[in-house]
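K.L.:
Model the full structure from these sequences, guided by the hints.
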Amino acid sequence: MKTNEKKHKRPKYSLEFKQDAAKLVLEKGYSLNQAADHLGISLSALGRWVRAERKPSGNESATKKPSLNLGGHDELIRLRKENEQLRMEREILKKAAVFFAKEAE
Numbered sequence: 001m002k003t004n005e006k007k008h009k010r011p012k013y014s015l016e017f018k019q020d021a022a023k024l025v026l027e028k029g030y031s032l033n034q035a036a037d038h039l040g041i042s043l044s045a046l047g048r049w050v051r052a053e054r055k056p057s058g059n060e061s062a063t064k065k066p067s068l069n070l071g072g073h074d075e076l077i078r079l080r081k082e083n084e085q086l087r088m089e090r091e092i093l094k095k096a097a098v099f100f101a102k103e104a105e
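Mapping of the sequence shown onto full-length UniProt numbering: position 84 corresponds to residue 84, and the numbering continues sequentially without gaps.
Hints should not be assumed to be uniformly reliable.
Across the chosen pairs, the derived CB separations fall in these ranges [said to hold, decoys possible]:
no. : residue 1 : residue 2 : range
1   : A101      : L39       : 57 to 67 Å
2   : K12       : D37       : 15 to 25 Å
3   : I92       : K12       : 26 to 36 Å
4   : R90       : R48       : 33 to 43 Å
5   : Q34       : E75       : 23 to 33 Å
6   : K102      : R51       : 51 to 61 Å
7   : D20       : E82       : 20 to 30 Å
8   : L76       : N33       : 23 to 33 Å
9   : L26       : L76       : 20 to 30 Å
10  : L86       : E27       : 34 to 44 Å
I should point out that these hints are in silico values taken from the structure, not numbers from a laboratory. No residue lacks a Cβ here, since even glycine has one placed at the ideal position from N, Cα and C.
P.N.:
This is the structure in structure tokens:
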């Protein structure tokens, strides 16, 4: 069997689901294992979500670079995609302007 025959697709979870799952650990007192088992998600995914939602304490913020929570991360990805789309559209408009300027001559 080839390695690419059986590619495992990572499930997509909504931002609200990720935040709610992290709240189970951070606010409701569930352990990571309990919450992951209860929700049927991987322990590593839940751990990432909890770290993303956890507020940095005073001494952590001085030593580590600031990180985004889940909402900020999703917005950053959305804005990067939008930025790339706008750059492509701008390039198309530049080329069209050059084309029509030559046609007008």
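K.L.:
Given a hint of 20 to 30 Å, does the C-beta separation of L26 and L76 actually sit inside it?
P.N.:
22 Å, holds
K.L.:
Can the suggested window of 51 to 61 Å be confirmed for the beta-carbon pair K102 and R51?
P.N.:
55 Å, holds
K.L.:
Between L86 and E27, does the beta-carbon spacing fit 34 to 44 Å?
P.N.:
38 Å, holds
K.L.:
Quick check on a hinted range of 23 to 33 Å for L76 and N33, using CB atoms only.
P.N.:
30 Å, holds
K.L.:
Okay, I92 versus K12 on CB: inside 26 to 36 Å?
P.N.:
30 Å, holds
K.L.:
State, for the Cβ atoms of Q34 and E75, whether the hinted interval 23 to 33 Å holds or is violated.
P.N.:
30 Å, holds
K.L.:
Given the hint of 57 to 67 Å, is the C-beta distance from A101 to L39 inside that range or not?
P.N.:
59 Å, holds
K.L.:
Quick one: are K12 and D37 within 15 to 25 Å, going by C-beta?
P.N.:
21 Å, holds
K.L.:
Against the range 20 to 30 Å, how does the distance between the Cβ atoms of D20 and E82 compare: consistent or not?
P.N.:
26 Å, holds
K.L.:
Holds or violated: the 33 to 43 Å window for the beta-carbon distance between R90 and R48?
P.N.:
35 Å, holds
Consistency note: the structure conflicts with none of the earlier hints.
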